[in-house]
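There are 2 protein chains.
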Amino acid sequence: MILDLKRKTKFELKPIQQRVEVTFNYAVHFTNGIFDLDNPLLAEVIANDGEAKPKKVVAVVDGGLLESRSGLLDQFREYCRSNSDILTLSAEPLVVPGGEAAKNNPQLLEDIHQLVDDAGICRHSYLIAIGGGAVLDLVGFAAATAHRGIRIIRIPTTVLAQNDSAVGVKNGINAFGKKNFLGSFAPPYAVLNDFDFLDSLDERDWRSGIAEAVKVALIRDREFFEFIADNAALLARRDMEAMQQVIYRCAKLHLQHIATSGDAFEMGSSRPLDFGHWAAHKLEQLTNYRLRHGEAVAIGIALDSTYSYLQGMLPHAEWQKILNTLRTLGFELYIPELTEESQIEHPRCLFRGLNEFREHLGGELTLTLLQRIGQEIEVHTVKISLYQQAISLLSDAKI
Amino acid sequence: MILDLKRKTKFELKPIQQRVEVTFNYAVHFTNGIFDLDNPLLAEVIANDGEAKPKKVVAVVDGGLLESRSGLLDQFREYCRSNSDILTLSAEPLVVPGGEAAKNNPQLLEDIHQLVDDAGICRHSYLIAIGGGAVLDLVGFAAATAHRGIRIIRIPTTVLAQNDSAVGVKNGINAFGKKNFLGSFAPPYAVLNDFDFLDSLDERDWRSGIAEAVKVALIRDREFFEFIADNAALLARRDMEAMQQVIYRCAKLHLQHIATSGDAFEMGSSRPLDFGHWAAHKLEQLTNYRLRHGEAVAIGIALDSTYSYLQGMLPHAEWQKILNTLRTLGFELYIPELTEESQIEHPRCLFRGLNEFREHLGGELTLTLLQRIGQEIEVHTVKISLYQQAISLLSDAKI
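In order, the protein sequences belong to chains V and Z.
Start counting at 1 in the first sequence, then tack on 38, and there's your number in my numbering.
Start counting at 1 in the second sequence, then tack on 38, and there's your number in my numbering.
No wet-lab data here; the hints were simulated from the structure.
Among the clues, some could well be false.
Heads up, the list lumps identical chains together, so a pair's fine if it works in one copy or across two of them.
Stated by the list, open to error - Quick list of in silico lysine to any residue cross-link-like pairs, SDA-like style, CA-CA up to 20 Å: (1) Lys290 <-> Asp259; (2) Lys52 <-> Gln282; (3) Lys94 <-> Glu402; (4) Lys91 <-> Cys160; (5) Lys208 <-> Arg161; (6) Lys91 <-> Glu116; (7) Lys52 <-> Val83; (8) Lys290 <-> Val58; (9) Lys208 <-> Arg57; (10) Lys94 <-> Val83; (11) Lys208 <-> Gly187; (12) Lys52 <-> Glu82; (13) Lys421 <-> Phe389; (14) Lys208 <-> Val60; (15) Lys93 <-> His418; (16) Lys359 <-> Leu407; (17) Lys94 <-> Thr404; (18) Lys208 <-> Glu59; (19) Lys52 <-> Pro78; (20) Lys208 <-> His295; (21) Lys208 <-> Thr61; (22) Lys208 <-> Thr377.
As the structure is a computational prediction, the values presented were derived from the model and not from experiment.
So here's chain V without its partners, still in its complex pose (with noise of 0.2 Å):
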């Protein structure tokens, strides 16, 4: 068919209608002594994929993690090395450093970017990033960005990422003093969970992982918080058992919303899993990066859990065993960076975040709140007093 163009007019050409579908597919996997020679995962994963062998793998690795775990690397290239018929390590792994410094440096970018480069990384590649939430993200950005695309297989070490920064499809950096300024939307090839990463865990990573399974639970699955109380000692204590637990069904509940919503990457104005998230970035760019995200995620969830209940929604026996739980897990509910500016003018101000936070997703203000524990509700406006009684509330450790 060849249009009859003698007949248009002005304006009149039809629009042509796209619809493009992607599906992505993953696996989380868990699983002991990942780089064990007996221990077939990451080599499976690769030789699963249906095409000609060896493949070419290189890794980034989170320098943080390599004061524990000195012998990581000849661990990790001893294992290459044994598997050599299914993946050639092309390169020496990349050391970058661990925690947000790693998303504060743009260098680190560009050096992943030239690793990729040098070893002759393709879209069929492997890229293996091993180590934090944060490095996952830098690597995770830098993955997303060469070539338009290339695997990357996540190993992360922490609480926090394996249960839920690092089994989810979004990466970052930071830019403009903004955190996540620059970043992306992209699925990894596998995830990796191996939980030997966390014995050597300070006792501050250890702990701040779990505010994400609280979060994920008060929003999503009342049954999983009350595992999470119960269990609230045991897990200070760092109890293996019940943190495996806690990880696995968090991550479960995270690739779960992240399957159902209908909105993975996010177009829409509604990020219910960001509950008690907006306060928890200004905190952290409050503190300079001080607390961890964890950290700062059990004092925004607090913060809200409190709203919540002061706004006449949440029952104040739920209230209470909210902060209680996050109490006995070992977080402080209460810094003073909370109260430091109240003028909303002030780039200090805890709620500028309340925009940053709405700039950051488009659209209305969408935060979430809290029902009852399990149910959430969302709302699009918040009274700035109400959170001013609920910081003074979280600020008396008795209550």
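Given the coordinates of chain V, assemble chain Z onto it according to the supplied hints.
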């Protein structure tokens, strides 16, 4: 359900299989005089998002375009003022260099991110990109990576961008001396094709864009190729009606391919729309971008068609018709860079382009050749000697 972890042994926790489906919808519109005050298209596209108005808007404009359309910025500002109930121009439009220079300067990417930050553009605001394919590639990448992807409305101003690059889902910039080394897949919010911009193209850019139409016709649509062949002389004389047909039909074929290939984000190794492109990309690099993309694609098409003929697939008469059509359109089918270096080890050898192409797509080499006009075939190995014979044929303008 809480897991019975007592029963867990090493490697035993069941993997979680994740499936993420994402759907993108956008329209490609055709118009004239897009910033005429009585043209409602742009305002309507924004008005129809169903969200609170007015919306914040920023624009990035191709500096090359302003040379022939010096009043464009004033007209655009006036259009925004006249539709202030729907959109607010939140910052002065940013002008960037046109052509491949746009993709070779990483500072421009940062400039656009800075603009997004300065203007407080969120995921529900609009970045409007006005220009040729290279500028739209740059701005598309910036938009895809700011706040994990802000809305972009593409207003392509060249034949090539209107019928090919700007209607699709890809963006990118050059890095490490490689074309599109950095980039992502990110569908636009909308594409607005204004035919009036084509009047301001120089002869080379007018012609260049037709190469992609010849390409997609050759692999997909014999009838469309016949149309181009029949109208080649008219097109070379800048007949606007014939060009509009070419653009509409070519855009539609590209969009159909993306929607129905089952691999819109190119996770496999097959990329039929890159017929003729392995040589084209290399020739652009070898000529230091003296050759425009479409001019390089025309040579690539001629080369791969000649190879298809020499391999005994494409009939002699059809091969001749392809070369004649390209020549009638005004394309040169031979340049010295085709034979400059015959040793594959030399970085300037044309045939290095085969491996660079494979590496960018990933996996095994997959080239599209022609069985007949309108009928493609994929091959995974090629004979360099046959390609050398093909080049030798092309060097003889009488063939």
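Now the hints, each set against the structure:
In this homomeric assembly, Lys290 and Asp259 come within 20 Å of each other (Cα to Cα) only inside a single copy, at 11 Å, whereas the closest approach across copies is 47 Å. Taking the closest pair of Cα atoms, Lys52 and Gln282 come within 20 Å of each other only across two copies (12 Å); inside a single copy the shortest separation is 56 Å, beyond that limit. In this assembly of identical chains, Lys94 and Glu402 lie within 20 Å of each other by CA distance solely across copies; the values are 13 Å between and 45 Å within a copy. For the identical chains of this complex, Lys91 and Cys160 are intra-copy neighbours only, at 14 Å inside a copy versus 44 Å across copies, given an alpha-carbon limit of 20 Å.
Both within a single protomer and between protomers do Lys208 and Arg161 lie at most 20 Å apart by alpha-carbon distance, with minima of 19 Å and 15 Å respectively. Within a single copy, Lys91 and Glu116 get their C-alpha atoms as close as 18 Å, which meets the 20 Å cut-off; across copies the closest is 59 Å, which misses it. In this homomeric assembly, Lys52 and Val83 come within 20 Å of each other (Cα to Cα) only across copies, at 14 Å, whereas the closest approach inside a single copy is 47 Å. For the identical chains of this complex, Lys290 and Val58 are inter-copy neighbours only, at 14 Å across copies versus 27 Å inside a copy, given an alpha-carbon limit of 20 Å.
Within a single copy, Lys208 and Arg57 get their C-alpha atoms only as close as 23 Å, which misses the 20 Å cut-off; across copies the closest is 15 Å, which meets it. In this assembly of identical chains, the alpha carbons of Lys94 and Val83 lie at most 20 Å apart only when taken from the same copy (14 Å versus 45 Å across copies). Proximity of Lys208 and Gly187 under a CA criterion of 20 Å is satisfied in both settings, with 13 Å inside one chain copy and 11 Å between copies. For a Cα distance limit of 20 Å, the shortest separation of Lys52 from Glu82 across copies, 15 Å, qualifies, whereas the shortest one inside one copy, 50 Å, does not.
Taking CA atoms no more than 20 Å apart as the test, Lys421 paired with Phe389 passes inside one copy only; the shortest distance there is 11 Å, against 66 Å between copies. Taking identical chains as interchangeable, the C-alpha atoms of Lys208 and Val60 lie at most 20 Å apart whether they share a chain (16 Å) or sit on different chains (14 Å). In this homomeric assembly, Lys93 and His418 come within 20 Å of each other (Cα to Cα) only across copies, at 18 Å, whereas the closest approach inside a single copy is 49 Å. With identical chains, the CA atoms of Lys359 and Leu407 are at most 20 Å apart within one copy only, with a shortest distance of 16 Å there and 68 Å across copies.
In this assembly of identical chains, Lys94 and Thr404 lie within 20 Å of each other by CA distance solely across copies; the values are 18 Å between and 44 Å within a copy. Taking the shortest Cα distances, Lys208 and Glu59 sit within 20 Å of each other both inside one copy (19 Å) and across copies (15 Å). When the C-alpha separation of Lys52 and Pro78 is checked against a cutoff of 20 Å, the pair qualifies only between copies, where the shortest distance is 15 Å, while the shortest distance within a copy is 55 Å. For the homomeric pair Lys208 and His295, the shortest alpha-carbon distance inside one copy (13 Å) is at most 20 Å, but the shortest distance between copies (27 Å) is not.
In this assembly of identical chains, Lys208 and Thr61 lie within 20 Å of each other by CA distance both inside one copy and across copies; the values are 16 Å within and 17 Å between. Taking the shortest Cα distances, Lys208 and Thr377 never come within 20 Å of each other, neither inside one copy (31 Å) nor across copies (46 Å).
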